[in-house]
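**Q** For reference, the chains in residue letters:
Protein chains: 2
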Amino acid sequence: MGEFELIRNFFAAAPCAQTGEGVVLGIGDDCALLAVPPGEQLAISTDTLVVGVHFPEACDPFLLGQRALAVAASDLAAMGATPLAFTLALTLPDVDPDWLQAFAHGLNLMAQSCSLSLVGGDTTRGPLSLTMTVFGRVPAGQALTRSGARPGDLLCVGGPLGDAAGALPLVLNQRSAEASIAHALLAQYWSPQPQLALGLALRGKATAALDISDGLLADCGHIALASGVRVVVDRDALPLSAPLTTFLGLEAARNAALSGGDDYVLAFTLPASQLAGLLAAGFSVHVVGRVVAGQGVALIDGAGQDVTPSTRGYQHFRETP
Amino acid sequence: MGEFELIRNFFAAAPCAQTGEGVVLGIGDDCALLAVPPGEQLAISTDTLVVGVHFPEACDPFLLGQRALAVAASDLAAMGATPLAFTLALTLPDVDPDWLQAFAHGLNLMAQSCSLSLVGGDTTRGPLSLTMTVFGRVPAGQALTRSGARPGDLLCVGGPLGDAAGALPLVLNQRSAEASIAHALLAQYWSPQPQLALGLALRGKATAALDISDGLLADCGHIALASGVRVVVDRDALPLSAPLTTFLGLEAARNAALSGGDDYVLAFTLPASQLAGLLAAGFSVHVVGRVVAGQGVALIDGAGQDVTPSTRGYQHFRETP
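Protein chains in written order, with our numbering: chain G, 14 to 334; chain F, 14 to 334.
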């Protein structure tokens with residue numbers, strides 16, 4: 014048995030690979046089999062993380078395992094889907110048992126916290142990268158797409174923005190910060206919590222939703238385009254954490270929130286009448302703008318003045334040719 | 014819009030990305046949505062191909078696109094699943110429009126030939142690799158697993174074996190061959206035809222099935238282990254193509270068939286009473302052995318003599334540290 018077959022057996026024995034709800038057949042055959050309840054549909058999303066592009070080579074494998082699955086699961090939250098399962102395609106330059114153990118530990122913790130079962134994948138030799146495909150279920154017609162935003166809707170987000178982008182200089186060892194600040198920001202970068210419960214609560218309420226990966230402005234652009242509306246973001250209403258504003262100052266913190274990316278917080282539109290119910294249910298929902306007729310995205314300040322920047326959006330930390 | 018976003022739009026506009034049967038929502042949102050008919054289950058398989066490990070750097074992108082999807086779809090055939098959809102995670106060192114166009118063309122042809130719709134994925138920068146995840150549907154309880162082989166069953170394969178392994182020295186430009194031989198062998202390597210119709214026909218008939226990727230002996234080992242039986246392979250009954258035996262000679266052709274891998278031909282076990290129906294339906298089915306009580310895999314010659322080799326199984330063409 015080759016090293017890579019041993020790794021497959023290692024993952025097959027992981028706690029998160031033990032059969033979960035909806036998993037008819039897990040790792041070990043030509044295909045996994047999932048059961049989808051009558052009246053429900055299967056939601057699917059795929060994310061690839063490449064060393065040197067999405068994470069630094071020296072990063073902690075425990076944190077990498079956590080983060081990779083969290084990023085993928087966040088797409089299920091954005092769709093209002095109930096998590097079912099995931100596959101892991103892992104490409105490794107060599108077989109390092111300590112690395113694998115730590116990676117699997119982080120993966121397991123996030124899988125269990127998200128109720129996701131590992132049902133298959135592939136393990137190959139090559140430059141380090143991971144492709145996660147996640148599966149969820151959602152009642153037919155109730156998935157949260159990007160295309161239903163209507164003029165008059167509020168634009169909301171599910172929590173503070175910019176922390177992960179603010180953490181990037183810490184991740185890359187380009188800056189240091191006081192321990193409590195570093196801890197708070199790095200936690201958002203390495204262990205984002207997919208807002209799965211919020212996604213479920215938004216079914217039948219939100220008119221459009223996504224998870225913020227490219228930065229609020231760029232992602233609002235996706236909603237504006239898919240829905241055929243204009244999204245107006247209020248710069249002065251952005252929820253910013255105290256660690257972020259302390260670390261970066263207000264202006265840079267706002268920029269991190271608007272254009273930093275990697276938040277994996279939900280952004281969504283909904284009629285104003287739906288807001289009270291979400292707040293009463295205990296969700297942290299912040300109104301950060303509104304939907305109007307038109308197209309594109311505009312940024313205004315608290316006085317209603319247009320302050321739209323000329324460029325925006327997320328770049329991976331080293332996405333250069 | 015960045016180069017990689019342009020690529021995503023390029024794939025979203027591909028013919029195979031236009032909505033197919035069972036595809037409720039395709040590329041462009043946080044998740045794709047698939048509908049699974051009541052009483053059916055979803056079959057899922059993931060395969061990664063890495064440059065320098067699974068294919069040479071200089072390979073034709075058209076052929077790579079074809080082959081990558083065929084290899085993945087073959088797992089659906091092995092499960093007896095009806096193809097539905099696939100996702101593509103493509104990691105590219107740079108953006109080469111000619112390369113992408115040719116790759117997408119090959120991908121499209123195979124997708125259409127397999128009735129698979131492209132519903133999502135990810136495109137990132139990094140060393141060239143592809144991860145395909147394929148989805149099919151199968152009536153509950155009718156999937157062909159590896160675990161049902163019983164003593165007394167026949168061992169069968171769905172076509173000639175060894176051609177793809179025989180093609181490897183041609184793929185790597187280590188040898189040359191007469192044009193008609195090269196053409197025949199390379200076609201099996203670059204454009205394996207997933208045996209989807211055979212897989213469907215085996216539902217309710219085969220007791221175990223898989224597609225041969227690691228070589229017949231190694232893959233029979235998987236059936237033996239999962240089913241708790243011994244699989245006896247008859248070396249003299251192996252179906253070998255004329256181009257292969259001409260190119261390699263009989264002994265090396267047999268070795269390619271037994272241990273070469275990359276065939277993507279179905280191997281399956283079934284009661285002898287089921288054979289006539291498959292042959293009458295026009296399927297190319299070859300009896301190459303039988304299932305007995307015990308464990309492991311044995312190789313015999315036509316006289317019943319044990320000729321089991323001491324080592325077996327597939328190595329990627331350059332899977333070295």
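These are calculated hints, taken from the structure and not from any lab test.
Honestly, I wouldn't trust all of these hints.
Which copy is meant is left open, because identical chains are indistinguishable; a pair holds if it fits in one copy or across any two.
No more than 25 angstroms apart at the CA atoms, straight line, and that leaves these computed lysine to any residue pairs for SDA-like [claimed, not checked]:
#, residue 1, residue 2
1, K218, D107
2, K218, V64
3, K218, G41
4, K218, G39
5, K218, Q114
6, K218, V37
7, K218, D247
8, K218, P110
9, K218, P322
10, K218, S193
11, K218, A265
12, K218, A255
13, K218, L291
14, K218, E264
15, K218, R21
16, K218, G65
17, K218, V66
18, K218, A115
**Q** State for each hint whether it applies.
**A** We went through each hint and held it up to the structure:
1. K218 / D107: Intra 48 angstroms, inter 42 angstroms, cutoff 25 angstroms: neither.
2. K218 / V64: Intra 38 angstroms, inter 46 angstroms, cutoff 25 angstroms: neither.
3. K218 / G41: between (40 angstroms within a copy, 21 angstroms between copies)
4. K218 / G39: between (34 angstroms within a copy, 23 angstroms between copies)
5. K218 / Q114: neither (42 angstroms within a copy, 41 angstroms between copies)
6. K218 / V37: Only across copies: K218 and V37 sit 21 angstroms apart there, 32 angstroms inside one copy, limit 25 angstroms.
7. K218 / D247: Within one copy only: 22 angstroms inside a chain, 64 angstroms across chains, cut-off 25 angstroms.
8. K218 / P110: For K218 and P110, the Cα distance exceeds 25 angstroms both inside one copy (47 angstroms) and across copies (42 angstroms).
9. K218 / P322: Answer is neither; intra-copy 31 angstroms and inter-copy 65 angstroms both fail.
10. K218 / S193: neither (37 angstroms within a copy, 63 angstroms between copies)
11. K218 / A265: neither (33 angstroms within a copy, 66 angstroms between copies)
12. K218 / A255: For K218 and A255, neither the intra-copy (30 angstroms) nor the inter-copy (65 angstroms) Cα distance is at most 25 angstroms.
13. K218 / L291: Intra 9 angstroms, inter 53 angstroms, cutoff 25 angstroms: intra-copy only.
14. K218 / E264: Close neither inside one copy (33 angstroms) nor across copies (68 angstroms); limit 25 angstroms.
15. K218 / R21: neither (42 angstroms within a copy, 30 angstroms between copies)
16. K218 / G65: This pair counts as neither: shortest intra-copy Cα distance 39 angstroms, inter-copy 49 angstroms.
17. K218 / V66: The answer is neither: 36 angstroms in one copy and 48 angstroms across copies each exceed 25 angstroms.
18. K218 / A115: neither (40 angstroms within a copy, 44 angstroms between copies)
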